[in-house]
Amino acid sequence: MEWFSQQMINGLALGSIYALIALGYTMVYGVLRFINFAHSDVLMLGAYAAFFIAPAIQPLIPLPSVTGAMLVTLISALICAGIGILIEFLAYRPLRSRPKLTVLITAIGVSLFIEFTCQHKAVFGADTKPFPQLLPATDFHLAGLVVGSNDLVVVLVTAVLLAGMWFIVQRTKVGTAMRAVSFNQQAAALMGVNINRIISFTFGLGSALAAVAGILYALKAPGIEPLMGVQPGVRAFIAAVLGGIGNLPGAALGGLLLGLLETFAGGISGLSSYRDGIAFAILILILLFKPAGLLGKATVEKV
Amino acid sequence: MNPRKRALHVIALLASALPGLTGCRGGGGDTILVGEFASLTGKEATFGISSHEGTLLAIEEINAAGGVLGKKLELKTEDDQSKAGEPANVVNKLISKDGVVAVLGEVASSRSLEAAPICQQNSIPMISPASTNPKVTETGDYIFRVCFIDPFQGTVMANFATNTLKAKKVAVFTDVKSDYSKGLAKFFKEGFTKAGGQIATELDFNGGDKDFKGQLTAIKSAAPDAVFVPGYYTDVALICIQAKQLGLNLPFFGGDGWESDTLVKIGGDAMEGHYFSTHYAADAASPKVTAFVGAYKKRYNGKVPDAMAALGYDSAKFLADGITRAGSTEGSKLRDALAATKEFEAVTGKMTINAQRDAVKSAVILQVKGGAFKFVETVSP
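Protein chains in written order, with my numbering: chain A, 1 to 303; chain B, 1001 to 1381.
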């Protein structure tokens, strides 16, 4: 029982990070109907931004501290929002009227471009760098169970950001515009919505989420390298599909489920090398029976 | 001689005749071209950089002392970026484009295994500084190494767990992506059960994973006395951090894949008190080691050489010794000379090449203490 509860905690902590990354995937998809594969690399850039900013603000606010961590995360998120907007402006905007497949392939290209540029010696280099401790970390022991304060922070941040995103999309003017663009870009433009601005905003927001996720991921596993985003990126993408792509609570649900599946499969002796295989086999099964994802709405394609 | 061996010999003969036909192999003129492939960037970058620095230092020392056979050695280095697939590319290039007389590399067994068949086919001797998986030299009679092998390292760690750690139950946590890790785990398990120990549980991870809590929780519930993690330093550091978070306060121990400054830089406090076996200790009192450490520090701004640096250094010195005794850089003669090496005085201890072209030598066990690696004991073969 203790084993089970501990694995639940481990799984939820891991799943929350996947959920946070999946939010970014799903938001861009919701508005633009395409997968921004560079999302996982923006996550990596977020972690590196924090890696370089932390020593710079150390003299002002000593780290590890809560205010310091918040400041570092805020600056990194702003930097990544800028990068996200720039990526959209340079790589996706010129292709907006082209077939969706063109943009998709470009997204993969952008992702590889960032990964391999960053691996160059003159940029970050390919070796693993130790990530600084931003937050004071303690472990809480409750009846044989261990809960890390960082894990609690991850769950909390994910919950707050999920609520925040939902509020922005459903309750604000810009959110209404985002939904309008998502329904029909031309009609939205005719109603006076500045499409370019809304799309830039969506990318900025998604990339800021990626930066936060990247920093939380780096706090959990404090060794960062330019390919660190690939693995969680793929998982988060799958989590987004599992939850029903374009659906914010669905992304969170998918992420949590995937984190739990992986943790439980990994914790069985003899099966742990098939960890990902087991997790993904279960996902395929779920998608066979619910092709639109757990919370996605099945849509009828008009021909 | 069985037919298969015969066929191999014919191929080897043909291949060794080829360089004669194409001419100007090995830099010609007044230099001897030596190839090196190493993971200068990527996941195991510190291994590649260390072994490269050691190799370079040895080559410079040899040249300063007049070179070999009256010629200077020229080192041609290629980076394989710690990536699968890359060693085959760069070693092919070194042999067919640059025309090197011998290849030095790699540290990681998986990558040495990739390059070995290419060197064997071209009859170019390959000397791995630090690949400890037995399969590496089994590729063929042109493949050598200057380090001990995993059956020995596994036995050393099994004896260490039994005698020094007094462990009765040990959990084994293996990187299933790496030949090195799987090999070492296998030999450890054999040695440990033979010594009367019990394997509490076995779990696997994939090198490059970032979350190990699922497996570590399973290890915790199996209640072992110690945990054997035959992985590489980046993964090991994260494993030890997460183990500490889960309250798994047991001794962790592993092999030479742990030895890197990055282990403590990432792992920090979580690494304290853990043990690993390796090839040499920089704080050991031997004149050969002291001279090497002094020269290395002078050449690389006070950096203390690790085992990979010492092995890289030894691999180049071993090659130079072979060329001198062969009196030639021709593949087959060089191979025979290398295979006949006995009681060679290397920085990492006195070594003899056995029939399997593996170095027979001693191992040392180090402990992480105060963020540094401290000598615990030497184990002879």
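Quick caveat, the hints were computed from the structure, so don't treat them as lab data. Accuracy of the hints is not assured; some may be wrong.
Some chain A residues close to chain B (C-beta under 10 angstroms, calculated; not the full set) [as the list claims (entries may be wrong)]: (1) 91; (2) 120; (3) 125; (4) 126; (5) 136; (6) 139; (7) 143; (8) 217; (9) 263; (10) 264; (11) 266; (12) 271; (13) 272; (14) 275.
Just so you know, even glycine gets a beta-carbon here, dropped at the ideal spot from N, CA and C.
Comparing the hints with the structure gives:
Taken as an interface hint, residue 91 (chain A) does not check out: its beta carbon lies about 25 angstroms from the nearest beta carbon of chain B, beyond 10 angstroms. With a least beta-carbon distance of about 9 angstroms to chain B, the hint placing residue 120 (chain A) at the interface is held under the 10 angstroms criterion. Taken as an interface hint, residue 125 (chain A) checks out: its beta carbon lies about 6 angstroms from the nearest beta carbon of chain B, inside 10 angstroms. For residue 126 (chain A), the interface hint holds, since its Cβ comes within 10 angstroms of a Cβ in chain B; the closest pair sits about 4 angstroms apart.
Against a cut-off of 10 angstroms between C-beta atoms, the interface hint on residue 136 (chain A) is violated, since the closest Cβ of chain B lies about 14 angstroms away. Here the hint on residue 139 (chain A) is kept, as its CB sits about 6 angstroms from the closest CB of chain B, short of 10 angstroms. Because the smallest distance between the Cβ of residue 143 (chain A) and any Cβ of chain B comes to about 12 angstroms, over 10 angstroms, the interface hint for this residue is violated. Because the closest C-beta pair between residue 217 (chain A) and chain B is about 7 angstroms apart, less than 10 angstroms, the hint holds.
A cut of 10 angstroms between beta carbons decides the hint on residue 263 (chain A): the least distance to chain B is about 4 angstroms, and the hint holds. Proximity of residue 264 (chain A) to chain B holds as hinted, the smallest CB-CB distance being about 7 angstroms (cut-off 10 angstroms). Interface restraint check: residue 266 (chain A) against chain B, minimum CB-CB distance 3 angstroms, threshold 10 angstroms, status holds. The restraint placing residue 271 (chain A) at the interface with chain B holds, with a minimum CB-CB distance near 9 angstroms, inside the 10 angstroms limit.
Residue-level restraint check for residue 272 (chain A) holds (minimum Cβ-Cβ distance to chain B is 5 angstroms; threshold 10 angstroms). A least Cβ separation of about 7 angstroms between residue 275 (chain A) and chain B falls short of the 10 angstroms threshold, and the interface hint therefore holds.
Taken one by one, the earlier hints fail for this structure at numbers 1, 5 and 7, listed in ascending order.
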